[in-house]
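Trainee: Sequence:
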Amino acid sequence: MQNPLVTVVIPTYKRTDYLKLTLESILNQSFQDFEIIVVDDGTPNDDNLMLCSSLDKVYYIKIDNTGGPAKPRNVGIENAKGKYIAFVDDDDLWTPEKLQKQVDILDENPDFGLVHTYCQVIDAAGMLKDEFVGKPGSPNVKHGDVFMRMMGNWTIMMPTPIVRKEIIDKVGGFNETIPGTFADVEYWVKTSFYTQFYYIDEPLVLYRVHDQNMSNDTLKYLQLPLCLKKVLQQQFVNNKITKKQYAQLLNNLCQMQISTVKMSILKTIKSLYLLDFFWLFKTNNCKMLIYVLFFKK
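Numbering (numbering that gives the first Met the number 0), first residue to last: 0 to 296.
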């Protein structure tokens with residue numbers, strides 16, 4: 000039997016009702032050469048198993064609870080048979096043409112290893128809202144060689160990308176030692192050093208906002224720039240960026256860190272110290288910090 004062209008990886012935990020809707024949106028794609036791997040992060044019942052067992056093209060794997068999506072995504076990747084791998088969370092929906100449009104682009108553009116898009120927001124009941132996430136002011140910001148524009152500025156919406164498996168093999172798996180949202184951001188930043196991104200300026204995903212969305216303590220976002228600095232250091236060691244590029248990207252992370260100053264002044268100062276000790280002593284940077292703290296609304 001020939002392997003499917005696309006593997007769709009879905010981490011899940013407990014939300015069988017939402018998962019059912021997500022699976023239906025994938026199974027109703029105009030493009031049909033795919034498999035779906037649902038990786039259950041230890042749901043304490045068999046509801047997800049029963050759902051997946053009733054559907055064609057859907058494979059179900061249950062693991063011990065890890066409390067986040069990184070391990071389930073890695074398990075999905077390890078079991079994937081597809082040439083391309085797509086990701087979606089268990090409460091989001093795809094529009095019917097999403098896979099077809101993305102697969103066509105990968106087939107026709109070998110220099111691009113990842114295709115992504117932006118999302119329209121839906122509420123808990125699935126009603127469309129006049130809100131969009133992941134849409135840049137200019138499409139060019141998220142298209143092409145994006146690594147110099149991406150770090151410290153933006154990330155990919157998790158339900159949107161489809162990636163060549165060969166690129167994932169180079170990048171490696173999601174980081175299982177950091178909070179889930181960090182792992183997403185870190186992974187796409189790492190990926191940007193290995194391939195060009197193709198951005199489709201259409202909302203091909205419906206992103207559900209509800210009270211069960213995974214969220215971390217806001218203060219944890221103070222740690223994100225330090226997580227990304229480790230990625231930056233590794234790329235410099237691997238000779239993927241120059242010393243000048245390293246300095247510019249580190250400056251991006253410091254500016255990103257400043258945006259957290261109203262959450263905690265002391266923790267922000269400490270993080271800036273760990274990011275780049277000398278950055279704090281440059282006059283313009285001190286002025287920027289004071290402006291954000293006392294004047295920016």
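Please keep in mind that the hints were generated in silico from the structure rather than gathered at the bench.
Among the hints, erroneous ones may be present.
[To be verified] As a list, the in silico EDC-like pairs of lysine to aspartate or glutamate whose alpha-carbon atoms are at most 20 Å apart: (1) Lys239 <-> Asp144; (2) Lys164 <-> Glu185; (3) Lys80 <-> Asp55.
Trainee: Output the indices of the hints that this structure fails to meet, ascending.
Mentor: none
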